[in-house]
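Please take these sequences and the hints and turn them into a complete structure.
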Amino acid sequence: MSSLPRIGQEDPRPKRSGDVLLGEDWVSPDETVERLKEGRFGGAIGGLNRSPLARKIIVFNLMALVLTVVGVLSMNPFRDSLALQRQQGMVQQAELIANIYQARLAPGAQGFDFRQPLEGLSIDPLVEVFILDPGGQIIASKVGQGTATLLSDPGQPT
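Numbering-wise (the working numbering), the sequence shown opens with residue -8 and increments by one.
Treat the hints loosely; a few may be bogus.
In silico EDC-like pairs for lysine to aspartate or glutamate, Cα to Cα no more than 16 Å straight-line [what the hints assert, rightly or not]: (1) K133 / D104; (2) K133 / E119; (3) K133 / E110; (4) K133 / D115.
I should point out that these hints are in silico values taken from the structure, not numbers from a laboratory.
Keep in mind it's a predicted model, so treat the numbers as computed, not measured.
Structural data, given as structure tokens:
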């Protein structure tokens, strides 16, 4: 209840406006300050014509946006061509493996070991090979060596 005795009293401190003035405005008379404040906030776009710093900031931000868009647009076809090359490479590998089996498998042969030709093949890392019978059952498979064979020194992080 300590604030009750001061309810009717005026604050002895002088009242100041809440405006923040920057630069040389604080040394100018009040009339000049009012005129400057009215001119500043009159047109936000028009202020860009008079501020070289604002123009530079906007130009550099627009340049960064344009470079980002150009980079994204140029990388998309590049990624598509890489995926197409990867697909074509896998098709060629499958055809080569099929040719190996075709050369080793004699017509009408019984008891052929389908795992033996896969053992001698060097398969690309991260590739899995499955040999299927006519019923769709897996009769032989082999997994590539993985990324460990790609590293020159497996103890060192990439």
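Results of checking the hints against the structure:
1. K133 / D104: Given pair K133, D104 holds - Cα atoms ~14 Å apart, limit 16 Å.
2. K133 / E119: Holds, at roughly 6 Å.
3. K133 / E110: Holds: K133 and E110 sit about 8 Å apart, inside 16 Å.
4. K133 / D115: holds (11 Å)
The structure shown violates none of the earlier numbered hints.
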